[in-house]
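Please put together the full structure from these sequences, using the hints given.
Chain by chain, the residues run as shown.
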Amino acid sequence: MSRRRLFRTVRNGAFLALSVFATAIGLICLAAILWTLVSRGLAGMSTDVFTRMTPPPGSAGGLLNAIYGSAVMTLLGILMGSPVGMLAGTYLSEYGRASRLSMLIRFINDILLSAPSIIIGLFIYEVLVVRMGHFSALAGAVSLAVIAIPVSLRTTEDMLNLVPAGMKDASAALGAYPWRTVLSVVYPAARSGIVTGLLLAIARVSGETAPLLFTALNNQFWSTNLNAPMANLPVVIFQFALSPYKEWQNLAWAGALIITMTILVLSISARAILGLMQSNRSAKR
Amino acid sequence: MAIIDQRHAARQLLFERVFRAATLSAAILVLVILGGVALSLIVGAWPALHQFGFAFITREVWNPVTDQYGALAPIYGTVVTSLIAMALAVPTGFGIALFLTELCPSVLKRPIGVAVELLAAVPSIIFGIWGLFVLAPMLQRHVQPWLIDHLGPIPLIGKLFQGPPYGIGIFTAGLVLAIMVLPFIAATMRDVFETVPPMLKESGYGLGATTWEVIWNVVVPHSRVGMVGGIMLGLGRALGETMAVTFVIGNAHRISGSLLAPGTTISSSIANEFTEAVGDLYTSSLIALGLLLFVITFIVIAVAQWMLRRLERRANASL
Numbered sequence: 001m002s003r004r005r006l007f008r009t010v011r012n013g014a015f016l017a018l019s020v021f022a023t024a025i026g027l028i029c030l031a032a033i034l035w036t037l038v039s040r041g042l043a044g045m046s047t048d049v050f051t052r053m054t055p056p057p058g059s060a061g062g063l064l065n066a067i068y069g070s071a072v073m074t075l076l077g078i079l080m081g082s083p084v085g086m087l088a089g090t091y092l093s094e095y096g097r098a099s100r101l102s103m104l105i106r107f108i109n110d111i112l113l114s115a116p117s118i119i120i121g122l123f124i125y126e127v128l129v130v131r132m133g134h135f136s137a138l139a140g141a142v143s144l145a146v147i148a149i150p151v152s153l154r155t156t157e158d159m160l161n162l163v164p165a166g167m168k169d170a171s172a173a174l175g176a177y178p179w180r181t182v183l184s185v186v187y188p189a190a191r192s193g194i195v196t197g198l199l200l201a202i203a204r205v206s207g208e209t210a211p212l213l214f215t216a217l218n219n220q221f222w223s224t225n226l227n228a229p230m231a232n233l234p235v236v237i238f239q240f241a242l243s244p245y246k247e248w249q250n251l252a253w254a255g256a257l258i259i260t261m262t263i264l265v266l267s268i269s270a271r272a273i274l275g276l277m278q279s280n281r282s283a284k285r
Numbered sequence: 286m287a288i289i290d291q292r293h294a295a296r297q298l299l300f301e302r303v304f305r306a307a308t309l310s311a312a313i314l315v316l317v318i319l320g321g322v323a324l325s326l327i328v329g330a331w332p333a334l335h336q337f338g339f340a341f342i343t344r345e346v347w348n349p350v351t352d353q354y355g356a357l358a359p360i361y362g363t364v365v366t367s368l369i370a371m372a373l374a375v376p377t378g379f380g381i382a383l384f385l386t387e388l389c390p391s392v393l394k395r396p397i398g399v400a401v402e403l404l405a406a407v408p409s410i411i412f413g414i415w416g417l418f419v420l421a422p423m424l425q426r427h428v429q430p431w432l433i434d435h436l437g438p439i440p441l442i443g444k445l446f447q448g449p450p451y452g453i454g455i456f457t458a459g460l461v462l463a464i465m466v467l468p469f470i471a472a473t474m475r476d477v478f479e480t481v482p483p484m485l486k487e488s489g490y491g492l493g494a495t496t497w498e499v500i501w502n503v504v505v506p507h508s509r510v511g512m513v514g515g516i517m518l519g520l521g522r523a524l525g526e527t528m529a530v531t532f533v534i535g536n537a538h539r540i541s542g543s544l545l546a547p548g549t550t551i552s553s554s555i556a557n558e559f560t561e562a563v564g565d566l567y568t569s570s571l572i573a574l575g576l577l578l579f580v581i582t583f584i585v586i587a588v589a590q591w592m593l594r595r596l597e598r599r600a601n602a603s604l
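Quick mapping for you: the protein sequence lines, in order, are chains A and B.
Be aware that the first sequence starts at 1, since it is given in this note's numbering, and climbs by one per residue.
Be aware that the second sequence starts at 286, since it is given in this note's numbering, and climbs by one per residue.
Since the hints were derived computationally from the structure, they do not count as laboratory data.
Glycine included, each C-beta is placed from N, C-alpha and C at the ideal position.
Hints are supplied without guarantee of correctness; some may be wrong.
On the chain B side, residues computed to face chain A include the following (Cβ under 8 Å) [stated by the list, open to error]:
| id | residue |
| --- | --- |
| 1 | L314 |
| 2 | I411 |
| 3 | V510 |
| 4 | L518 |
| 5 | F579 |
Estimated spans, in silico, between C-beta atoms of each pair [said to hold, decoys possible]:
| id | chain 1 | residue 1 | chain 2 | residue 2 | range |
| --- | --- | --- | --- | --- | --- |
| 6 | A | S192 | B | H435 | 33 to 41 Å |
| 7 | A | S59 | B | P438 | 43 to 51 Å |
| 8 | A | S2 | B | E387 | 21 to 29 Å |
| 9 | B | R395 | A | D169 | 33 to 41 Å |
| 10 | B | P422 | A | W222 | 34 to 42 Å |
| 11 | B | Y490 | A | L42 | 47 to 55 Å |
| 12 | B | H335 | A | A32 | 42 to 50 Å |
| 13 | A | S192 | B | D352 | 55 to 63 Å |
| 14 | B | R302 | A | W35 | 54 to 62 Å |
| 15 | B | W431 | A | A43 | 29 to 37 Å |
| 16 | B | S391 | A | T47 | 53 to 61 Å |
| 17 | A | A24 | B | N348 | 42 to 50 Å |
| 18 | B | R302 | A | D158 | 25 to 33 Å |
| 19 | B | V350 | A | R97 | 18 to 26 Å |
Spelled out as structure tokens, the structure:
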């Protein structure tokens, strides 16, 4: 073997080995995080977590008010944000297409999609919290809605674009206006895609911490008042994990496990629906 | 023959107008939101910017007692932690993408790909507590003393690795950020690598090239567009990441030569201090930090998109 050939073989082997090594690092990180999360989370888990309120420093308690608050604000945020995102996505896919305005909206939406969520928190603080004069669950929900809009706009547009043009043309040929086509042909055809987008938006929103810090704040007690600060899992985790109290830290880990599992289940279901959709489509061909 | 019902037709047209207007206004709301974010940040930051002027971004002082604020320390922390993250995550992400597209047995392709994408779905606060309770103590005990002993005495770069091993600090934050952006970079690069036509790769192999040579001379040049896009999006995420950094940065408003020392970033300063900020100038200074972050990330993401679209167009034109 010539020296040149040897050098090339060795270089090839070295880089491929590095690539395997990189993958190993990535998988080890994921495994390490999940393992810590499960072992510490299960250690902090008990029925108290789901039945009792967040405790004062140094005593036992649960996360009931925080779980409730997270669920309420996520639900409200999605109810406000997703329809807006879906309508906007419908405009881009069915009406706007390649117009200048649509290009601009796509560009701005992609920026909103990756904009730091803490900025959204500051925005809602300035617009709602300062005006209302106090922190509130409503402000928290609105900030989550602002985060949900770009996510569901993007997925809606992508999913509607997958609907074959022939189906829309057939509807138009029957004399239907575009709104009829969209509601009776396009949405039903893209149904599973839309559900996927919804699940992804919920997954994205339910782990958000930064925008809730100065909109919903936190509340140690049970509260269903949307006009008052409300406890929520991410902020409770943030506060409890950084505290010196063992009980609080255990609850933080339990909360972290609950959030992560919820999000993983949502992402995996979204993926499964998409996979099902693709196999259906190829079966039909 | 059916006769067209005039009233029915009119109602259909009305619905059409309403529906179109509804979708259009939802789409325009996206623009309004971005405008609103920019405007509210400028209004909120105005008192601080008016008081300190341009010096706001060149001064290191951050003193709530004397009401003097400068953004240099958070800017420094944001830039340095993001650079550390990108330096670690880009090569690793490249390696993962390469493994998934070129080396991985097809049985493992899906599970590993899904695992990488799930890592991207884990919320940032989880990375934060993991960094604080697991990574930081480990670094403090095993990694940082070694860095201090072996790299500390070296001239020039030694300065970066001096001082006591705190565990938390700029270096740890950069490491946590690297783990966070890794799945984004890996997944984008994998998707781009998969778009390379097999014919091109096989031509390379046909000429007798090794796997690495095909990757470096065929795959990489062909997918430069998407790679840059993935890296820029990862950078945008690293710059603005809040919770993961807040746990492990140490929140110290000063610039120290050592990477092992505590520092602060723009987003972690806001997260840590905003609800406790007393006084209009303090709050306003924090909002000014937010405005700064908004401008920086806006530029990074916009440039990424602009490059992607321009290169895409060029690729289309050359076909």
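The hints, checked one at a time:
1. L314: This interface hint holds because 6 Å falls under the 8 Å limit.
2. I411: holds, 5 Å
3. V510: violated, 15 Å
4. L518: holds, 6 Å
5. F579: holds, 5 Å
6. A:S192 / B:H435: 33 to 41 Å: Given a distance of about 55 Å, which is not inside 33 to 41 Å, the answer is violated.
7. A:S59 / B:P438: 43 to 51 Å: holds, 50 Å
8. A:S2 / B:E387: 21 to 29 Å: Taking Cβ atoms as reference, S2 (chain A) and E387 (chain B) lie about 25 Å apart, which means the hint holds.
9. B:R395 / A:D169: 33 to 41 Å: Holds - the Cβ-Cβ distance for R395 (chain B) and D169 (chain A), about 36 Å, lies within 33 to 41 Å.
10. B:P422 / A:W222: 34 to 42 Å: holds, 35 Å
11. B:Y490 / A:L42: 47 to 55 Å: holds, 50 Å
12. B:H335 / A:A32: 42 to 50 Å: holds, 48 Å
13. A:S192 / B:D352: 55 to 63 Å: Holds, since S192 (chain A) and D352 (chain B) (Cβ atoms, about 56 Å apart) stay within the stated range.
14. B:R302 / A:W35: 54 to 62 Å: Check passed, 57 Å falls within 54 to 62 Å.
15. B:W431 / A:A43: 29 to 37 Å: holds, 31 Å
16. B:S391 / A:T47: 53 to 61 Å: violated, 45 Å
17. A:A24 / B:N348: 42 to 50 Å: holds, 47 Å
18. B:R302 / A:D158: 25 to 33 Å: holds, 27 Å
19. B:V350 / A:R97: 18 to 26 Å: violated, 57 Å
In the structure shown, a violation is registered for the earlier hints numbered 3, 6, 16 and 19, in ascending order.
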